[in-house]
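Now for the letters of each chain:
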Amino acid sequence: MTTYLDLIPKTDVEQSAKDFKSDQEVRWCPGCGDYSILSNVQGFLPELGLARENIVFVSGIGCSSRFPYYMNTFGMHSIHGRAPAIATGLAVSRPDLSIWVITGDGDALSIGGNHLIHALRRNVNLKILLFNNRIYGLTKGQYSPTSEQGKITKSTPEGSLDYSFNPVSLALGAEATFVARTIDSDRKHMTDVLRAAANHEGTALVEIYQNCNIFNDGAWEPLKDGDTRDDVMMRLVDGEPIRFGKDMEKGVIRTADGHIAVANVAEVGEDAVIRHDAHAKDPGLAFALSRLSNPRTLENTPIGVFRDIERPSYDRLVRDQLAEVQAKQGTGDLQALIDGGDTWIVS
Amino acid sequence: MSKQVVSVNRVVIRFAGDSGDGMQLTGDRFTSETAGMGNDLSTLPDFPAEIRAPAGTVPGVSAFQLAFADHDITTPGDAPNVLVAMNPAALKANVKDLPRGADLIVNTDEFTKRNLEKVGYATNPLEDGSLEAFNVHAIALTSQTVEALKDFDLSKKEAERSKNMYALGLLCWLYSRPAEGTRAFLEKKFAKKPEILAANLAAFEAGWSFGETTEIFSVQYEVAKASDLPQGRYRNISGNPALAYGLIAASKRSGLPLFLGSYPITPASDILHELARNHRFGVTTFQAEDEIAGIGSAIGAAYGGALAVTTTSGPGIALKSESIGLAVSLELPLIIIDVQRGGPSTGLPTKTEQSDLLQAMFGRNGESPVPIVAPQSPSDCFYAALEAARIAVEYRTPVFLLSDGYIANGSEPWRVPEVDELPVIDPAFATGPNHVTDSGEAVFWPYKRDEDTLARPWAIPGTKGLEHRIGGLEKADGTGNISYDPDNHDRMVRLRQAKVDAIAKTIPPLEVDDPDGDARVLVLGWGSTYGPIGAACEITRRTGAKVAQAHLRHLNPFPSNLGEVLRSYDTVLVPEMNLGQLAMLLRARYLVDIQSITQVRGMPFKSTDLVSAITAAVQSL
Ligand code: SF4
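Chains as they are written, first to last, in my numbering: chain A, 1 to 347; chain B, 1001 to 1621.
If you're looking for bench data, these hints aren't it; they were derived computationally from the structure.
All of these numbers come straight from a predicted model, not from anything done at the bench.
Glycine residues also receive a C-beta, built at the ideal position from the N, C-alpha and C atoms.
Don't take every hint at face value.
Below, in silico cross-link-like pairs of lysine-lysine (DSS-like), each with a Cα-Cα straight-line distance of 27 Å or less [said to hold, decoys possible]: (1) Lys1448/B / Lys21/A; (2) Lys328/A / Lys1150/B; (3) Lys1252/B / Lys1189/B; (4) Lys328/A / Lys1113/B; (5) Lys1192/B / Lys1150/B; (6) Lys1464/B / Lys10/A; (7) Lys140/A / Lys154/A; (8) Lys10/A / Lys21/A; (9) Lys21/A / Lys1464/B; (10) Lys328/A / Lys1192/B; (11) Lys1464/B / Lys18/A; (12) Lys328/A / Lys1193/B; (13) Lys1150/B / Lys1189/B; (14) Lys1096/B / Lys1448/B; (15) Lys1252/B / Lys1193/B; (16) Lys1448/B / Lys1464/B; (17) Lys1464/B / Lys1505/B; (18) Lys224/A / Lys188/A; (19) Lys1092/B / Lys1150/B; (20) Lys1606/B / Lys328/A; (21) Lys246/A / Lys224/A; (22) Lys1156/B / Lys1189/B; (23) Lys1150/B / Lys1096/B; (24) Lys1156/B / Lys1188/B; (25) Lys1092/B / Lys1003/B; (26) Lys224/A / Lys140/A; (27) Lys1092/B / Lys1448/B.
Residues of chain A clear of chain B, computed beta-carbon distances all greater than 12 Å [as the list claims (entries may be wrong)]: (28) Thr3; (29) Pro9; (30) Ser22; (31) Gly31; (32) Pro68; (33) Phe74; (34) Pro84; (35) Gly173; (36) Ala198; (37) Asp230; (38) Val237; (39) Val325; (40) Asp339.
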């Protein structure tokens, strides 16, 4: 089967990360996690071998949404929350483009929540990178839809009361065909996830845990600190048993009541550990995995590709339908259309 | 029995019944037959917002008015000569509009005690003398239909449903309309339901022969072909399909694929439906998750090089405002169609109004100029769409097209143009560098403007060497890079305004219709008031009064000679279906006093109301 990538013109010169850097000065705070994401994306894109002019980055509003300015591709920095809608119109019109949406937790999940879920449900051919820093950075530090309950911020001096969104659970609930999570500080992991996303036809949602060192420093620290990391983070690898822990002593098992849980492998035996299947049609297990983590302590946090299934993308279906109509009805006679059925002559 | 045939010049019929009685269909069919006979015509459908409002109630009445004539007419008429009332509610809701001596056809079967009580008739108006001023034709339409269909295998309820066809047959006989079109229409509509088809045909024929044989009607009328219409091939059309065709034509004449991003809303949805029926022209219709995604997707498509459109009504525009601002800032071609309806808020979804003019002008944050065009009649929607597309593409700007519920649903004959004679639109995409830097390097500047139009280049993704970034943040003049420089912002705000103002150079001067050339009163309108204003001016002139008429197609920018025109009259009357929005713009812009004539009843102006206002203005000089 031809993939969507076959429709995109290829570069005729060797590319490097440098080719994807624009001449604009990067204006994030020093130490912001966005820098490493930018450099990872710039480092990864040459691998795709696509013509640079056929790559488009569309973003909304927020710190992360400045991203397109720094990419030497086509780009649009749009308005708050609307990037998936804008990118949908572009994707439907232009099968020859590789389209990336850059968004944040406020942009995608709060003001733009509606567009996000509908892009996911339609399976529009977009690669959505959701920079999750659990805070509003650009507006200087209010809590966000992914902030843990009880978050003390300028707008919530006594602690936030909302229950938080889990972007991976949300995406799976919207029947996203590709859902993954990675971390700003793990270059190799992020590159692997970006590669899988780029190769996926349809919407790929990649949640990237990103550190905002100014307003929410250390939000993901347990997943980064060498002392705690292995203990709390589980790496999902397709086809492999889901095991983690300093000595890989923990594993995910099915419980008697049909749920899943983290257990001590020594106690339950290796055979009891579930193998990860990202290609499973049923999103049930992926969803269950997304619910294992504790939003406060970050214990049992899976990273990697939760789900990656094949389903025709919306834009492909649109094009196919158009082709089918034209095959049956021809490409239309404008004069006949405006004449309509009943005309009369005044002489 | 052959009856006397009386020739008349102009007839206004109103069909009125329950929402479920099929009055819109009846009106449409009668209109088609009338159009086919070569009469000039104008229609006004008027229906409630509810799909099936409570049966037998006044709010549930659905009506369709049609004027047809042997000469050029511009309005569906102020008052009907004939009212067909299918039940007491329809009578109650419409009888006040009926002039003395008018024909009134009532369906007596529905005038039961219960139905009369439902609408507050204490006594039966058919019996209490309250209808004496009219020429009442009391007919048992329902039972006669049932009787005519007694040989069909239909329940009484099913048979009753054909009463609108019975009424249509009767009216077609009364006004000597041919039956072929309706026959063909029914055959197509009920091709898969032969029993229903046969019943409807039989009801139609029965209504026709009833007219021929009954003594209730002593005369039959005929209206000759309209002979003063320009030569050519005609069809009947309403505003929404005309808009859709205009957009497809603009797509063909520009070579740009058409993309519509839209969310269903009354009274604009029919444009979405019409375009969805025409995918074969390479049209993409995207029914978005909300109004914002409707315009968002269109902005994305425009960025990709499509002729992008979003369609909605007033409440949808409110939701799209921020995105329109983005399109202003990105300077991308985009057509925004607002089929206006009564407001504020949800307002009157199925009724007409012109109250979004100021929203289109100013309804955004910041200095955010957007050109505005407005069609003046149903068929004019076609040309207005082409004009909106021309401005959008040539000037790289969002453009408003302000239609309204009246012209969207109303219809009139349209002299169909030859496609080859329609204007050509040149997208003129950027293909290479447009600037040389001080160091001699050829580069692409996304905000370097055309000297004449001040439009920026439209450089679509996939064009090698033109990679660039644009956005809603203020951009440096020329390079398009983010700039917070005060002087630059001041310059960019003025440039965006100057670009829109410069469109006036390509707009024909406003023409004034003043037969004798010495009128001192000008009536100036915009949009759908064209018909009523035209009719009113004509009637006024017949009394010997002198009045000039002009109509604005472009509301932003105005035609360059507008100030001069306004200043050359002692009195300028501006009728609008709002509280004086155009009047406010004119006063502010030209410091000319304007006499505002306003009405917000959800219905078009009656020419007679305008005649009184014009006459008073002429006499007071
Ligand atoms: S505020 Fe936070 S997210 Fe924004 S640039 Fe600074 S560190 Fe990064």
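Against the structure, the hints come out as follows:
1. Lys1448/B / Lys21/A: holds, 23 Å
2. Lys328/A / Lys1150/B: Roughly 43 Å separates the two Cα atoms, so the pair is violated.
3. Lys1252/B / Lys1189/B: violated, 31 Å
4. Lys328/A / Lys1113/B: violated, 56 Å
5. Lys1192/B / Lys1150/B: Since the Cα atoms of Lys1192/B and Lys1150/B sit roughly 22 Å apart, the hinted pair holds (cutoff 27 Å).
6. Lys1464/B / Lys10/A: holds, 12 Å
7. Lys140/A / Lys154/A: Since the Cα atoms of Lys140/A and Lys154/A sit roughly 9 Å apart, the hinted pair holds (cutoff 27 Å).
8. Lys10/A / Lys21/A: Roughly 19 Å between the alpha carbons, so the hint for Lys10/A and Lys21/A holds.
9. Lys21/A / Lys1464/B: Cα-Cα ~16 Å, so holds.
10. Lys328/A / Lys1192/B: With Cα atoms ~22 Å apart, Lys328/A and Lys1192/B stay inside 27 Å; holds.
11. Lys1464/B / Lys18/A: This hinted pair holds, its Cα atoms lying about 17 Å apart.
12. Lys328/A / Lys1193/B: Distance ~26 Å between Lys328/A and Lys1193/B Cα, so the pair holds.
13. Lys1150/B / Lys1189/B: Roughly 22 Å separates the two Cα atoms, so the pair holds.
14. Lys1096/B / Lys1448/B: It is violated: about 62 Å lies between the C-alpha atoms, which goes past 27 Å.
15. Lys1252/B / Lys1193/B: violated, 38 Å
16. Lys1448/B / Lys1464/B: This hinted pair holds, its Cα atoms lying about 18 Å apart.
17. Lys1464/B / Lys1505/B: violated, 34 Å
18. Lys224/A / Lys188/A: Given pair Lys224/A, Lys188/A holds - Cα atoms ~14 Å apart, limit 27 Å.
19. Lys1092/B / Lys1150/B: violated, 31 Å
20. Lys1606/B / Lys328/A: Roughly 48 Å separates the two Cα atoms, so the pair is violated.
21. Lys246/A / Lys224/A: holds, 14 Å
22. Lys1156/B / Lys1189/B: holds, 22 Å
23. Lys1150/B / Lys1096/B: violated, 37 Å
24. Lys1156/B / Lys1188/B: The given pair, whose Cα atoms are some 24 Å apart, holds under the 27 Å limit.
25. Lys1092/B / Lys1003/B: violated, 32 Å
26. Lys224/A / Lys140/A: holds, 24 Å
27. Lys1092/B / Lys1448/B: Answer violated: Lys1092/B to Lys1448/B is near 64 Å, above 27 Å.
28. Thr3: Label holds. Min Cβ-Cβ 18 Å, cutoff 12 Å.
29. Pro9: violated, 7 Å
30. Ser22: Incorrect as stated: the minimum Cβ-Cβ distance to chain B is 7 Å, not above 12 Å.
31. Gly31: It holds; Gly31/A is separated from chain B by about 22 Å at its closest Cβ, greater than 12 Å.
32. Pro68: Incorrect as stated: the minimum Cβ-Cβ distance to chain B is 5 Å, not above 12 Å.
33. Phe74: violated, 4 Å
34. Pro84: Incorrect as stated: the minimum Cβ-Cβ distance to chain B is 8 Å, not above 12 Å.
35. Gly173: holds, 16 Å
36. Ala198: Answer for Ala198/A: holds, closest chain B Cβ roughly 17 Å.
37. Asp230: holds, 40 Å
38. Val237: Consistent with the label, Val237/A stays out of reach of chain B, its closest Cβ about 35 Å off (over 12 Å).
39. Val325: It is violated; Val325/A is separated from chain B by about 5 Å at its closest Cβ, not greater than 12 Å.
40. Asp339: violated, 6 Å
Violated hints, listed in ascending order, are 2, 3, 4, 14, 15, 17, 19, 20, 23, 25, 27, 29, 30, 32, 33, 34, 39, 40; each of the other numbered hints is respected by the structure.
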